[in-house]
Amino acid sequence: MDKLKYPKTRVKLSKYFTKYSFLWLTYLALPSPWYNRLISWLGLLSLISFTVRIYLFTNYELEPVVALYLGDYAINFGQSHDLLLFLDLCWILCALIGWILIHQSNTSIHKQTWFHSLAILDGTVDHPKRFQCTSESAVGLASTILFICMKSSLIAGSVFAWCFYLPHFIANFNCFSLFINLVRDSLLASASAFYTNACCVNFGYLFSFYAFLTGQRIDYIVRSLKQQSMKSHSSRRIVFSNANDVISILKQVDQTSSFWSPLNSITFIFTFIASILILYLVFFVTLDNITRITLIALGIINFACGQSINLLSGTYARLKLDQCHKQLYSLLTSTQFKLNHKVKLFVIAEYLVNRKLFAIFAVLEMNSLNYLLVAIEMASHLLLVIINANRNSKII
Numbered sequence: 050m051d052k053l054k055y056p057k058t059r060v061k062l063s064k065y066f067t068k069y070s071f072l073w074l075t076y077l078a079l080p081s082p083w084y085n086r087l088i089s090w091l092g093l094l095s096l097i098s099f100t101v102r103i104y105l106f107t108n109y110e111l112e113p114v115v116a117l118y119l120g121d122y123a124i125n126f127g128q129s130h131d132l133l134l135f136l137d138l139c140w141i142l143c144a145l146i147g148w149i150l151i152h153q154s155n156t157s158i159h160k161q162t163w164f165h166s167l168a169i170l171d172g173t174v175d176h177p178k179r180f181q182c183t184s185e186s187a188v189g190l191a192s193t194i195l196f197i198c199m200k201s202s203l204i205a206g207s208v209f210a211w212c213f214y215l216p217h218f219i220a221n222f223n224c225f226s227l228f229i230n231l232v233r234d235s236l237l238a239s240a241s242a243f244y245t246n247a248c249c250v251n252f253g254y255l256f257s258f259y260a261f262l263t264g265q266r267i268d269y270i271v272r273s274l275k276q277q278s279m280k281s282h283s284s285r286r287i288v289f290s291n292a293n294d295v296i297s298i299l300k301q302v303d304q305t306s307s308f309w310s311p312l313n314s315i316t317f318i319f320t321f322i323a324s325i326l327i328l329y330l331v332f333f334v335t336l337d338n339i340t341r342i343t344l345i346a347l348g349i350i351n352f353a354c355g356q357s358i359n360l361l362s363g364t365y366a367r368l369k370l371d372q373c374h375k376q377l378y379s380l381l382t383s384t385q386f387k388l389n390h391k392v393k394l395f396v397i398a399e400y401l402v403n404r405k406l407f408a409i410f411a412v413l414e415m416n417s418l419n420y421l422l423v424a425i426e427m428a429s430h431l432l433l434v435i436i437n438a439n440r441n442s443k444i445i
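Throughout the sequence shown, residue numbering follows my numbering, covering 50 to 445 in sequence.
Keep in mind that the hints were calculated from the coordinates and are not lab data. The C-beta atom is built at its ideal place from N, Cα and C for all residues, glycine as well. Hints may be right or wrong, so weigh each one.
[Stated by the list, open to error] Keeping only pairs whose Cα atoms sit at most 25 Å apart, straight-line, the calculated SDA-like set for lysine to any residue is: (1) 300 x 76; (2) 61 x 185; (3) 68 x 129; (4) 64 x 353; (5) 61 x 194; (6) 275 x 371; (7) 61 x 156; (8) 68 x 165; (9) 200 x 219; (10) 68 x 81; (11) 200 x 83; (12) 375 x 269; (13) 64 x 171; (14) 300 x 185; (15) 64 x 84; (16) 200 x 185; (17) 275 x 304; (18) 61 x 165; (19) 405 x 368; (20) 64 x 139; (21) 275 x 392; (22) 200 x 269; (23) 200 x 211; (24) 405 x 269; (25) 64 x 155; (26) 200 x 237; (27) 200 x 392; (28) 64 x 207; (29) 393 x 296; (30) 68 x 208; (31) 405 x 372; (32) 200 x 311; (33) 300 x 392; (34) 68 x 207.
[As the list claims (entries may be wrong)] Restraint-style ranges between C-beta atoms, simulated for each label pair: (35) 422 x 165: 31 to 37 Å; (36) 417 x 393: 27 to 33 Å; (37) 228 x 94: 30 to 36 Å; (38) 296 x 349: 37 to 43 Å; (39) 232 x 113: 14 to 20 Å; (40) 112 x 428: 36 to 42 Å.
All chains, please: the whole structure from these sequences, using the hints.
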């Protein structure tokens with residue numbers, strides 16, 4: 050079985066998980082250090098503590114000073130107070146569910162397939178020749194961009210979460226006890242943001258790469274089928290080998306869906322809600338410049354991992370699968386194939402019809418039409434938020 054000569058990445062995926070995102074995964078190519086398990090549970094505790102405090106801040110009227118001592122950075126934002134905290138809650142809930150799914154994969158072989166399907170990022174590809182791609186340079190560039198995005202999101206998410214407390218640092222610099230408490234709470238916020246990025250944002254990027262890689266693999270097969278269709282004497286062996294390769298790729302996608310499907314679903318729904326809240330807060334609410342810039346930066350990360358490149362990559366893979374389906378049908382008109390061969394090609398082509406490649410909640414398939422519908426739905430919900438906010442302001 051030949052090794053494929055894919056572009057090597059500077060940072061392997063196993064090394065990234067163990068030394069950068071500090072996730073506790075037992076099935077990596079490198080063993081996870083013992084302290085990753087401790088960090089994992091500490092990350093969970095920080096997320097839970099933030100959830101409890103958000104409940105206190107939104108359900109009980111606290112004195113501003115007391116609220117600041119407890120870490121309520123949004124205490125001075127009036128009507129926008131609860132919206133800001135609800136935005137945080139969306140991200141935290143996404144991270145909590147992501148944490149559960151990631152730790153479930155340690156005990157479930159089926160939920161570990163996603164990692165083995167990304168063996169190219171570890172520098173080892175044990176798959177046969179059928180998993181070649183159209184452009185190895187494009188895959189190499191995509192892998193480089195992937196690691197840059199994952200690393201930068203970890204750092205940027207933590208820094209900008211800390212920036213929520215920056216106005217209070219400036220205003221309360223002379224109050225030593227309050228300042229120390231703000232430092233503590235800001236560091237906890239940074240830790241929570243770091244782990245949210247590790248459990249959700251990074252996996253959004255990883256799925257995007259996997260969907261793009263799947264599209265590249267299918268495109269390689271489509272090009273091979275086109276070459277055979279243009280020949281006066283097509284090779285039945287190559288045609289059926291390519292057709293079987295598509296089925297093998299789809300089987301791999303189906304195996305990885307036990308992990309990707311629930312993770313994509315929760316990432317999509319929470320980033321969808323967060324995007325609406327961010328758009329409203331940035332453009333229709335009076336905020337200080339630091340908070341506005343922070344929301345814009347976090348909004349970019351939110352949009353990138355949950356509402357854009359993951360859906361676009363899934364759409365790309367779907368497009369390539371549709372092209373493969375059409376190419377198989379075009380071969381049915383060839384006079385070079387006997388009836389039994391045409392029947393086999395027809396069965397394989399029918400296997401691809403209406404087959405969901407990547408879907409959210411097992412219903413919303415990633416394609417161009419649904420992506421447009423998501424954008425329209427987001428705009429309509431934003432409009433409802435604006436109308437509701439204006440109505441409440443008039444009542445007050």
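Hint check results:
1. Among the hinted pairs, residue 300 with residue 76 is consistent with the structure: their alpha-carbon atoms are about 21 Å apart, no more than 25 Å.
2. Among the hinted pairs, residue 61 with residue 185 is consistent with the structure: their alpha-carbon atoms are about 17 Å apart, no more than 25 Å.
3. For the suggested pair residue 68 and residue 129, the alpha carbons sit about 38 Å apart, so the restraint of at most 25 Å is broken.
4. The straight-line distance between the Cα atoms of residue 64 and residue 353 is roughly 23 Å, inside the 25 Å bound, and the hint therefore holds.
5. The suggested pairing of residue 61 with residue 194 holds, with an alpha-carbon distance near 13 Å, which does not exceed 25 Å.
6. For a cut-off of 25 Å, the pair hint linking residue 275 to residue 371 stands: about 14 Å separates their Cα positions.
7. About 23 Å separates the Cα atoms of residue 61 and residue 156, which keeps this hinted pair within 25 Å; it holds.
8. Our distance criterion of 25 Å between C-alpha atoms is met by residue 68 and residue 165, whose separation comes to about 19 Å.
9. Among the hinted pairs, residue 200 with residue 219 is inconsistent with the structure: their alpha-carbon atoms are about 29 Å apart, more than 25 Å.
10. Taking the CA atoms of residue 68 and residue 81, the gap is near 9 Å; set against the 25 Å cutoff, the hint holds.
11. At roughly 22 Å between alpha-carbon atoms, residue 200 and residue 83 fall within 25 Å of each other, so this suggested pair holds.
12. A threshold of 25 Å between alpha carbons decides the hint, and for residue 375 with residue 269 the separation of about 15 Å falls inside it, so the pair holds.
13. Between residue 64 and residue 171 the CA atoms are separated by roughly 8 Å; this keeps the pair inside 25 Å, and the hint holds.
14. A hinted pair counts as satisfied when its Cα atoms are at most 25 Å apart, and residue 300 with residue 185 qualifies at roughly 23 Å.
15. A distance of roughly 15 Å separates the Cα atoms of residue 64 and residue 84; the hinted pair therefore holds under the 25 Å criterion.
16. For the suggested pair residue 200 and residue 185, the alpha carbons sit about 23 Å apart, so the restraint of at most 25 Å is met.
17. Between residue 275 and residue 304 the CA atoms are separated by roughly 28 Å; this puts the pair beyond 25 Å, and the hint is violated.
18. A C-alpha spacing of about 13 Å is found between residue 61 and residue 165, which places the hinted pair at or below 25 Å, so the restraint holds.
19. Annotation: proposed proximity of residue 405 to residue 368 holds, straight-line Cα distance about 12 Å (limit 25 Å).
20. Taken as a hint, the residue 64 and residue 139 pair is broken in the structure, with Cα atoms around 29 Å apart against an allowance of 25 Å.
21. Using a Cα cut-off of 25 Å, the hinted pair residue 275 and residue 392 holds, with the two alpha carbons roughly 19 Å apart.
22. Annotation: proposed proximity of residue 200 to residue 269 is violated, straight-line Cα distance about 30 Å (limit 25 Å).
23. Taking the CA atoms of residue 200 and residue 211, the gap is near 17 Å; set against the 25 Å cutoff, the hint holds.
24. For the given pair, residue 405 sits about 20 Å from residue 269 by alpha-carbon distance, which is consistent with the 25 Å threshold.
25. Straight-line distance between C-alpha atoms of residue 64 and residue 155 comes to about 17 Å, which keeps the hinted pair within the 25 Å bound.
26. Between residue 200 and residue 237 the alpha-carbon distance is near 19 Å, which keeps this suggested pair within the 25 Å criterion.
27. About 50 Å separates the Cα atoms of residue 200 and residue 392, which puts this hinted pair outside 25 Å; it is violated.
28. At roughly 21 Å between alpha-carbon atoms, residue 64 and residue 207 fall within 25 Å of each other, so this suggested pair holds.
29. At most 25 Å may separate the alpha-carbon atoms for a hinted pair to count; residue 393 and residue 296 meet this at roughly 13 Å.
30. Proximity of residue 68 to residue 208 is assessed by CA-CA distance (about 19 Å); at most 25 Å being required, the pair is judged to hold.
31. Between residue 405 and residue 372, the direct Cα distance comes to roughly 14 Å. Compliance with the 25 Å bound is thereby established for this hinted pair.
32. Among the hinted pairs, residue 200 with residue 311 is consistent with the structure: their alpha-carbon atoms are about 24 Å apart, no more than 25 Å.
33. For the given pair, residue 300 sits about 21 Å from residue 392 by alpha-carbon distance, which is consistent with the 25 Å threshold.
34. Of the supplied pair hints, the one linking residue 68 and residue 207 holds, its CA atoms being roughly 17 Å apart against a limit of 25 Å.
35. The beta-carbon spacing between residue 422 and residue 165, approximately 33 Å, falls within the hinted interval of 31 to 37 Å.
36. The hinted window of 27 to 33 Å between residue 417 and residue 393 holds, with their beta carbons roughly 31 Å apart.
37. Take residue 228 and residue 94: their Cβ atoms lie about 24 Å apart, and the range 30 to 36 Å is violated.
38. For the pair residue 296 and residue 349, the supplied restraint of 37 to 43 Å holds, since their beta-carbon distance comes to about 39 Å.
39. Judged by the Cβ atoms, the range 14 to 20 Å given for residue 232 and residue 113 holds: they are separated by roughly 18 Å.
40. Hint check: residue 112 to residue 428, Cβ distance near 39 Å, so the stated range 36 to 42 Å holds.
Hints 3, 9, 17, 20, 22, 27 and 37 from the list above are not met by this structure, while the remaining hints are.
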